[in-house]
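There are 2 protein chains.
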Amino acid sequence: MVSRLGKEIEISPVELASQLAKTAKINLASGSPDPKMIPVKEIQNAYSEVLDELKEKSLFYPGAGGQKELVEEIEKDYLPLLNLDKSQEDITIVTSGAQHAMELLGKYFLENDVIAVENPTFIETFNALKLRSSVVLPVDIDNQGINTKELEEILKIVKIKLLYVIPNCHNPAGVNLEESRRKELVELAEKYNFYILEDDPYRPIAGCVPKPIKSFDKFDRVIYIGSFSKILAPGLRIGFIVGNKKIVEKVSLLEQLDFSTSTINQYVVARLLKNGIIKSRMQGLYEYYSRKMKILKDSLYDKGLREFNDPKCGFFLLLDLKKDSWKVFQNAISRGLSFVPASPFFLRGGETMARLSITMANEEEIKEGVNILKESVDHTI
Amino acid sequence: MVSRLGKEIEISPVELASQLAKTAKINLASGSPDPKMIPVKEIQNAYSEVLDELKEKSLFYPGAGGQKELVEEIEKDYLPLLNLDKSQEDITIVTSGAQHAMELLGKYFLENDVIAVENPTFIETFNALKLRSSVVLPVDIDNQGINTKELEEILKIVKIKLLYVIPNCHNPAGVNLEESRRKELVELAEKYNFYILEDDPYRPIAGCVPKPIKSFDKFDRVIYIGSFSKILAPGLRIGFIVGNKKIVEKVSLLEQLDFSTSTINQYVVARLLKNGIIKSRMQGLYEYYSRKMKILKDSLYDKGLREFNDPKCGFFLLLDLKKDSWKVFQNAISRGLSFVPASPFFLRGGETMARLSITMANEEEIKEGVNILKESVDHTI
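Chains A and B, in that order, are what the protein sequence lines are. 54 is the number that the working numbering gives to position 52 of the first sequence; each next residue is one higher, with no gaps. 145 is the number that the working numbering gives to position 143 of the second sequence; each next residue is one higher, with no gaps.
Don't read these hints as lab results, they were simulated from the structure.
Computed cross-link-like contacts, DSSO-like style, restricted to lysine-lysine with a CA-CA straight-line distance of at most 30 Å:
{"#": "1", "chain 1": "B", "residue 1": "Lys252", "chain 2": "A", "residue 2": "Lys252"}
{"#": "2", "chain 1": "A", "residue 1": "Lys369", "chain 2": "A", "residue 2": "Lys27"}
{"#": "3", "chain 1": "A", "residue 1": "Lys132", "chain 2": "B", "residue 2": "Lys248"}
All chains should be built: construct the whole structure from the sequences, respecting the hints.
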């Protein structure tokens with residue numbers, strides 16, 4: 003009766019855990035930035051200034067592809083901060099956040115195709131690809147990111163159209179993709195004729211990480227997805243795509259179908275780029291989140307919960323509870339702690355994994371949360 | 003190589019005409035509201051107040067389905083103003099404007115299905131349906147709106163899944179759908195088992211018009227799409243859907259795929275509903291646009307351009323130029339006037355039709371524009 007998308011869409015497990023998390027005292031579930039780190043005053047000033055200066059012009063319909071002023075600011079001021087080397091053939095378009103960018107790219111590329119993703123991967127963005135694919139091939143992650151050897155073994159057997167990769171502060175795995183593997187991915191994409199979607203929302207708060215995969219892209223194989231959700235605020239819904247003109251221009255036409263990107267919010271972000279607010283926050287946010295992550299790691303270690311990767315940046319730590327994580331979750335919720343059971347992030351395995359986030363809890367709460375987690379694990383059969 | 007959507011998407015003729023319109027002195031092409039009527043100061047205050055009161059909460063990720071506060075305001079304060087009788091089974095969700103709502107509904111319902119639309123219809127919203135349909139059946143419009151007799155003749159022969167209707171201040175035809183036909187449509191939908199998408203962005207500025215089709219819907223056949231783009235400003239990108247819970251709840255899950263609706267903009271609109279700004283503008287805007295429309299009609303009549311429908315409200319008048327409208331358009335552009343050649347709005351016919359808009363031009367410019375139009379028609383072979 004309805005489309006495949008209409009039939010197969012389900013409430014995201016992250017959304018579900020977030021809803022349950024609302025009742026919990028301590029929240030290690032959220033994927034949102036730390037509310038204390040949202041620059042409310044600066045954003046308020048930017049709205050006020052934009053409306054003073056541009057008046058009704060800031061409230062017209064948005065154009066497909068984004069407001070020229072923001073596109074220019076991104077290319078001039080932001081891409082260099084992200085270490086992104088844009089080629090002459092590349093263009094930038096604005097989207098309503100990175101999730102919307104993924105939806106546009108899924109819509110553009112896919113119609114029951116074969117794709118590959120990291121195992122685990124971020125279920126919410128990935129959904130926009132999965133629901134339009136016939137087969138999704140999982141490629142394991144280790145401490146250096148996606149296993150390129152395993153990927154090539156797959157590529158020798160199966161033709162894929164897209165590879166989806168989160169190169170920095172991986173959600174949920176916390177790892178960064180090593181530089182040599184970034185170069186390898188580009189070579190593989192050319193050799194086996196597929197495109198790479200590089201989803202990089204954490205880069206502005208990632209500290210010192212290798213250049214984007216896109217920067218090594220000699221073959222126009224990489225499409226880069228950026229976001230202002232972590233460095234500013236998710237509620238603005240502003241992100242962007244950088245990639246080869248032939249592809250990205252077509253993707254921008256698909257924006258005509260939803261015209262969802264607020265015009266005024268684009269001007270607000272352009273202003274915060276121009277006046278240096280965004281640049282000035284990058285290092286501080288990296289350090290802030292690193293401190294919180296260290297507290298989480300130390301607390302887990304103290305409690306004997308030691309089966310985790312070592313996150314270098316970002317919001318998430320992936321912990322092996324060695325017990326069914328949904329059962330532990332039930333126990334934890336009853337004790338006032340929420341986290342995200344991570345099996346939905348995995349295409350294979352992951353039943354005992356938990357995604358722990360450091361954003362909503364303060365330092366004391368992180369410690370207390372780990373105590374509850376330990377109890378919950380111990381009380382799970 | 004890419005999806006059907008990726009292959010078939012093209013730059014919208016309205017967008018194209020708008021781009022050409024930028025060089026023209028007089029703009030009778032635009033679909034945007036009159037810039038002078040955008041309440042910049044009130045919107046600026048609303049941003050400031052929302053950020054003062056809610057602070058970072060107004061900048062979190064949006065939830066699929068929309069912020070509770072806005073949904074409640076729409077149901078309590080706005081739907082009554084729109085004369086929309088919501089049934090117990092109906093729910094409301096927020097979207098990033100009406101265009102986004104159409105994209106979500108197209109995504110939910112369609113996969114190479116058969117649909118019917120008014121002839122002419124609004125090409126931009128319609129595109130989200132067309133690119134997912136196998137067959138689109140045009141049903142002619144007269145001065146009372148869609149011809150329900152013609153529709154039933156079609157329904158006797160072909161099964162359709164959806165009918166797309168713009169009931170008030172039709173874009174581009176300018177007409178309002180008569181009340182008895184509204185009731186008929188609901189009966190036909192039930193009898194022939196299809197759904198009606200009622201796209202009603204102009205209602206808040208439409209003056210006295212019959213109740214929405216949705217209000218006559220005893221069978222859960224109508225999905226209503228509303229917008230704040232005409233009554234406030236298009237750049238906020240806030241609209242909504244009202245319809246049966248079983249359908250609309252699923253549609254709201256599809257919002258997880260793009261998460262494109264700005265959180266803060268939702269709070270801004272909620273505030274402008276709550277403080278009465280929206281209600282206070284409705285009658286004034288209707289009268290303002292009616293005055294401008296009268297000037298357009300009188301000017302056309304004076305110049306002997308008399309082959310048009312009689313728009314009761316909204317922004318558009320559909321004029322038969324009796325000559326190829328693209329050729330007249332070329333002539334007009336060279337003389338400093340832009341309008342939209344209307345053939346792309348038609349599934350059959352329309353080659354000599356022009357869509358004239360009253361929003362961007364002031365009264366003098368409307369008169370001058372009609373002079374140029376007359377010259378352009380006379381100089382077209």
